[in-house]
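Protein chains in written order, with my numbering: chain A, 1 to 238; chain B, 1001 to 1242.
What the hints contain is simulated information worked out from the structure, not anything from laboratory work.
In this text, all values refer to a predicted model and were calculated from it rather than measured experimentally.
Derived DEER-like restraints, expressed as beta-carbon distance ranges:
#: 1; chain 1: B; residue 1: 1032; chain 2: A; residue 2: 31; range: 27 to 37 Å
#: 2; chain 1: B; residue 1: 1145; chain 2: A; residue 2: 6; range: 48 to 58 Å
#: 3; chain 1: B; residue 1: 1006; chain 2: A; residue 2: 215; range: 42 to 52 Å
#: 4; chain 1: B; residue 1: 1228; chain 2: A; residue 2: 60; range: 18 to 28 Å
#: 5; chain 1: B; residue 1: 1057; chain 2: A; residue 2: 211; range: 10 to 20 Å
#: 6; chain 1: B; residue 1: 1014; chain 2: A; residue 2: 6; range: 51 to 61 Å
#: 7; chain 1: B; residue 1: 1144; chain 2: A; residue 2: 228; range: 34 to 44 Å
#: 8; chain 1: A; residue 1: 43; chain 2: B; residue 2: 1010; range: 40 to 50 Å
#: 9; chain 1: A; residue 1: 223; chain 2: B; residue 2: 1056; range: 20 to 30 Å
#: 10; chain 1: B; residue 1: 1065; chain 2: A; residue 2: 141; range: 48 to 58 Å
#: 11; chain 1: A; residue 1: 211; chain 2: B; residue 2: 1088; range: 19 to 29 Å
Taking lysine to aspartate or glutamate and the DMTMM-like style, the derived pairs with C-alpha atoms no more than 20 Å apart in a straight line are:
#: 12; chain 1: B; residue 1: 1199; chain 2: B; residue 2: 1012
#: 13; chain 1: B; residue 1: 1199; chain 2: B; residue 2: 1003
#: 14; chain 1: B; residue 1: 1048; chain 2: A; residue 2: 218
#: 15; chain 1: B; residue 1: 1132; chain 2: B; residue 2: 1051
#: 16; chain 1: B; residue 1: 1199; chain 2: A; residue 2: 104
#: 17; chain 1: B; residue 1: 1004; chain 2: B; residue 2: 1200
Where a beta carbon is used, it is the ideal one built from N, C-alpha and C, also for glycine.
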Amino acid sequence: MSWCEYPGYAVGSEVFQNYGCRMFSGLWVTFELVAISVTLGFGLAVGLAVARLYGPRWAQAMINGYTTFFRGTPLLCQLFLVYYGLGQFRLFWTDVGLWWFFREPFYCALLTFTVNTAAYQAEILRGAIQSIPRGQFEGALALGLHRWASLRRVIMPQAMILALRPLGNELIVMIKSSAVASLVTLFDLMGATRLAFARSFDLTIYLYAALIYLVLVEIIRRVWDRLELRLTRHMALR
Amino acid sequence: MIEKLALLGFGDGGWGLALLQGAGITISIALATLPFGLALGLIVALGKRSDNVVLRWLATGYTTVFRGVPELLTLYIIYFGVQILLQRLWEWIGLPGNFSMPPFVAGMVALGVVLSAFSSEVWVGALNAIQKGQREAAAALGLSKGQAFRLVVMPQLVRVALPGLGNNWMVLLKETSLVSVITLPDIMFITTRANAATKEPFLFFGAAMLIYLFFSLVSAWGLGGLEARTNRGYAAFGGATR
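Bound conformation, chain A alone:
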């Protein structure tokens, strides 16, 4: 018996044992999807938040539109628009040599999740940067630091600490939302579970999947709490 069948065997669930391997490889797909999209989204969000606050007016307006659009529409709809909608222009993608990307549900989900979480994270970072008192920036400039240096060395480190908690929440939201990837034929944890249910008609498999998600979210929440405690240990009253 391989390790992935063991949990099902241990709790005495035949379905969980039979589909255990599929579910754990699904869990890995979920993990990959979320880890890559949240990381890429974070990089994108830093740029977006800074440009939104200090960029030229046209850039600010465009970023505003971007965040409003992606925060105002459901992730499921965005995913369908990318996977089915952009997939419609197959000839065009073949011409520009990108069809391999839009053909794969995994890449489509990755793209959708990245632009979606970038919009949310950009708003989180914007709020965090904005709540740093203006005097910090002025003080840094008065000390002769360049604008970029003040932003990078004075404002950002403080803003990141403020953004830590909402960013952790966003990570958890993304783990949960990633379940919609199963609706574009992707076998993430949810997709594998749907398959198991469709073949066995045993509802308990959904409960085991719920338990796996719950444990995953709970672990991340605790690790994040520790991280926050560690990163703010120099601050008073904590």
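Got chain A sorted already, so can you dock chain B onto it with the hints?
For chain B alone, coordinates are given in the frame of chain A:
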């Protein structure tokens, strides 16, 4: 181009009317879920602040579970699970035929349960923001516990909780898109069907996006107005401008 746009119209072969009906379903399930989810959330919040250890433990467990499990999964579990349970009950009573769970009710219960878990956090925060002295003063004036809650705490609670609850509403509005998977004919369900019939996914999912965006923008505008209204007595603290 024009022929394609005609697919969104109300003429022959146009999906305009179906899309409008889908939008109606989306809004009605969101509106039907809201009072149920918020009321349950408030009860859970009161449970979390209760003096009874068991109640506190139950309420905390409830929010941990429904905040940690994907909404899609909750929806499936409630749709299929309650269906099976009620079917057994149906047979046990000895009624003939099959019981089938209306997708609208299943969607409403699932979204409502998730909303209650998230809104309970908002309620707890708001309840903590109301000073103890308010209840004590109410008691000193001879109000009963229930009266104090209804007449003194609640009006203040709404003001503090509104921004958070507004957020919950925006999330709920977008989550309704998931009910399409249990065959409720909302916007997503209609556009998926339209896509299957016309092979124009970009047009239809794009249209669905715009409908959702419209709802979100109207909600944001309405909530802004509501917040300004609940803050109108607090202008001196800068509340009106928030």
